[in-house]
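Got chain A; can you put chain B on it based on the hints?
Protein chains in written order, with the working numbering: chain A, 1 to 420; chain B, 1 to 420.
Keep in mind that the hints were calculated from the coordinates and are not lab data.
Don't be surprised by glycine CBs; every beta carbon is placed ideally from N, CA and C.
Hints are not guaranteed to be accurate.
Chain A regions said to be covered by chain B (calculated; three or more residues, Cβ under 8 Å) [unchecked claim]:
id : region
1  : 15-26
2  : 73-85
3  : 89-97
4  : 154-162
5  : 296-307
Number of protein chains: 2
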Amino acid sequence: MSTSLWQPWSLRELVSDLDRGATTPAQAMARSAARIEATEPDLKAWVVRQEPGTEVGRLGGVPLGVKDIIDVAGLPTRCGSSLRADATPADEDAAIVSAWRRAGAVPVGKTVTTEFAFFSPGPTANPAATDHTPGGSSSGSAAAVGAGQVPLALGSQTAGSVTRPAAYCGVAALVMSHGRFPVDGVTGLSESLDSHGVYAATASDLALAWSALSGEPDVAGEGVPDRVEPLQVLLWSAAPLGVLDPAMRDALDTTRAALEASGARIDDFPEEQLVADLTVAHPVVMAYEAARERAAELARADQLSDPLAGLLRAGAETSRRDYDAALALVAQGRERVAELLGSYSVIVGAAAPGAAPRGLGATGDPVLSRAWQALGLPVVTVPGLRDGEGMPLGIQVIGHHRSETALLSAACTLEQSLVS
Amino acid sequence: MSTSLWQPWSLRELVSDLDRGATTPAQAMARSAARIEATEPDLKAWVVRQEPGTEVGRLGGVPLGVKDIIDVAGLPTRCGSSLRADATPADEDAAIVSAWRRAGAVPVGKTVTTEFAFFSPGPTANPAATDHTPGGSSSGSAAAVGAGQVPLALGSQTAGSVTRPAAYCGVAALVMSHGRFPVDGVTGLSESLDSHGVYAATASDLALAWSALSGEPDVAGEGVPDRVEPLQVLLWSAAPLGVLDPAMRDALDTTRAALEASGARIDDFPEEQLVADLTVAHPVVMAYEAARERAAELARADQLSDPLAGLLRAGAETSRRDYDAALALVAQGRERVAELLGSYSVIVGAAAPGAAPRGLGATGDPVLSRAWQALGLPVVTVPGLRDGEGMPLGIQVIGHHRSETALLSAACTLEQSLVS
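Isolated chain A (complex conformation) (with noise of 0.2 Å):
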């Protein structure tokens, strides 16, 4: 048998297609497919496809904004620091960005970090009102999906860097379940400690790009069926830590009565003691690793903040056994929290203090983060409520370890109560 009706598929048409919008990705691959599914009897050429459904590059053509502590091949990776001023482009991409790629995101280039990751701030200015702090250590990412410059950012967290600054911008981010992804090409502080976030404008997009990422389902995308059972939240107060603001003592009262009016079932988070411990444990744990991820920095600390030089040098001087206790307490911790978890869907509470301090000189304060950081579990920050002068307030979700896709569902969920 001798056939030629098989003819090859100009390269240079489809792209100028893709180029035009005559043809969309989604196209292009439901072509290929058909055209597989056509000559492949006869043909063989393949060993094995994509899964049938499997949304290959759904974020195909998302232009991404990427934390500069997170390597990207073709571009430096400088650390908000001027230690990595000559800094050359990186060969590889970190292990997330070649996730992010895989799911179809395109990095347009690298946001502004605190130095290494810590607290002294770069340039950036929060997109509601450009006099107040973006918050850290993601500044630049959470900044710039405030402003819309990108629809899509990664941050990472170690105490607060992406639940704050997401807060402060009135938009919403995923931190990931520590160790939910590799690390490899991200210039960490604490092994323990830092685990992956995102950034979008709001939860209901966290949950199509945690699909994307993840290959889990869109929680949030169209024909998914509305909640059927109440969520069970634990609404935690903070109360004994004593940092929340008037502004957010109210945005609290108000998540409480939007979820009541949803149909949650609310207790009260018992045990502050607990994270007021956890919240202790947190810097010891931070500072002992960050001396050691970070010896070549402590060696040039007069190239270094006075902020991160302390860290440091703090961390170098912290005992093994100081440090042995607090990973003891937060193991605890990680015990009593995944039971009490157990009768719940998510813990609840406030992002931040408050609105965002005025000044770009200090990011704000990562308390309301530390314990949960320290337990490593998967946190969503809410956006929608604002303070009497129209700065944003972020509430807090904390789920399940390794549970982000329940999680987001959770999130989504309160951020619709909000708005109705």
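Relative to the frame of chain A, chain B by itself:
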């Protein structure tokens, strides 16, 4: 100053617009750039951005086939061998797959390879005539592009594994210079010989793909001026090898006439003996290195085909002295050919002895590639010619080391001259 002029950009709306074709990836990039332009003076969210003018993700939405010795995250790498039948999905992309993803291409599956990229064929047929071999070892990628299943597919070449299947299937292919991209994540045969390859419908398509991958100019793009300097061609007859069939000898005559008509200056390639020597040295290097790179498979040779078991056993028995002598001959050859190419643009010759042989039990002879592959030079197979039965005949164009862009320009000139 307080402003809420800036609003976030809905990811869900953008993805929906991209799905419907209401927005193209290029427009999404342009919108991001414009938004950054407008807001960045006040926001300062970015440290560094992709170079203006860089076409980020030029191949966004292009379906890509990947030869099944090259890792694609999430898919198994089975290497056409029962030894790998139970391979688990790869955790990471091969470096070359990452690079193509950065250019925007979307892997849709793995294509059939001969057993460990040597001679034992898989089930793939030739799209020009399904009772003929597609060639090997990158059989599935060549056939998939030939049948229009995908506009782009990856191969690899140790002897003639890219050049020959392209010729047989009537498509274009580029073998990159040895070492041009890393081979991490590729199950290779021979560190000194393995090169990356890519298939597309035409040399013009390859020029676009190469530009997207390398960042170098698209030499066949719109607005590129016609060639001013005539091509300086060394025409390689390969007569002393005694392998060309009459149809291919005619094809070479046609090629000479077409090049002359296009204004090229042509001289006969003067080093036939050197090519003959390299053609003998090549399999010595290949066998010696393959026995070592595939030592795990050599240890289970009873589960290999006779040809592959023979190659590995022969390589294991090759003396270090013979291997070194072959490498020394290659090094001399490299110098001599570089000297020759000092006065010429390219070498042009037959890509295979003739059209694809009938039958699927063997993949044809790589003899016309061995010398050039030993030298590590980039090669383009140019399609367009046919034998009396309508079967494709391929012409190979061999370029200067690491000068893929200039080589593609010459190949496009030849391609044009063959149709005019």
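Hint numbers not upheld by this structure, sorted from lowest to highest: 4, 5
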